[in-house]
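Colleague: Each chain is listed here by its residues.
There are 2 protein chains.
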Amino acid sequence: MKIKIYKQKNIFSQKGNVLTFLKKGQNGYKGFGEIYFSTIKPKKIKGWKKHKKMNMNIFVISGKVKFVFYDDKRKKFYKKNLNENNPKRLFIGPNIWFAFKNMSSKKSIIVNFSNIKHNKNEVLNKKLNQIKFNW
Amino acid sequence: MKIKIYKQKNIFSQKGNVLTFLKKGQNGYKGFGEIYFSTIKPKKIKGWKKHKKMNMNIFVISGKVKFVFYDDKRKKFYKKNLNENNPKRLFIGPNIWFAFKNMSSKKSIIVNFSNIKHNKNEVLNKKLNQIKFNW
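Respectively, the protein sequence lines represent chains A and B.
When the letters of the first sequence are read in order and numbered with the working numbering, they come out as residues 20 to 154.
When the letters of the second sequence are read in order and numbered with the working numbering, they come out as residues 20 to 154.
Chain A on its own, in the form it takes in the complex (with noise of 0.2 Å):
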């Protein structure tokens, strides 16, 4: 499955901190075709969705995400955890079942940076029953 964890280099100071993302021609850069936030209520789960062409470059800003991915040939499931206090960037590849889930008491944040601009036409939806996993 295309699912990488790459991790960040990060600025600590005095009066905040920078937090390095995505750089151009870095591994898991696709192009850009879109960037967008999705904020997510505590113990809430968005899901399931599959991507026919996306690339995506997720990082949690704020908040605690469980992220899980269904490999719907060998029926398996993966799971990968961000939160903000161990900042990484998580690259997904195209044709992937995932859903994540608000593990924090409070509003989590989620930035996408796409390769390409948001379309219907290459998203699938399942209802969260559809695939069966143990949150």
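Hint data in this document are derived by calculation from the structure and do not stem from the laboratory.
Keep in mind that a hint or two might mislead.
No copy labels: a pair is met if it fits in one copy or bridges any two.
Each computed SDA-like pair below joins lysine to any residue, with the alpha-carbon atoms no more than 20 Å apart [unchecked claim]:
{"#": "1", "residue 1": "Lys34", "residue 2": "Lys145"}
{"#": "2", "residue 1": "Lys28", "residue 2": "Lys43"}
{"#": "3", "residue 1": "Lys63", "residue 2": "Gln33"}
{"#": "4", "residue 1": "Lys63", "residue 2": "Trp154"}
{"#": "5", "residue 1": "Lys42", "residue 2": "Lys136"}
For chain A, the structure is supplied; the task is to place chain B on it using the hints.
Modeller: Here is chain B on its own, set in the frame of chain A:
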């Protein structure tokens, strides 16, 4: 001065929201070089900085931030406030002195989508008291 505010389209739902930020080709889009996040503690001020080449698209994803710009030819200040409850995109062109203050009682988080990669040779710095502004 090349400063512009662009309104965002947002999608609100029961689980959380989607906040659009920037699409390729939109007004203010000048290519992609790097994206990073700056956090700033309450009441702190970061600045002054002037980029010789960088075009920035800025978003305040959390908190409340006052941006101040200084036009050193006209000796004039300009102000823009961004906050998480009224999300907007702020475009800042090159050759503008700017500084910003966290006006919130919690940490603020700023997204900077830049058209070039970070390069210390294109940044000028001044101490806060070298450009006097009544914060």
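Colleague: Against which earlier hints does the structure fall short, listed by number upward?
Modeller: none
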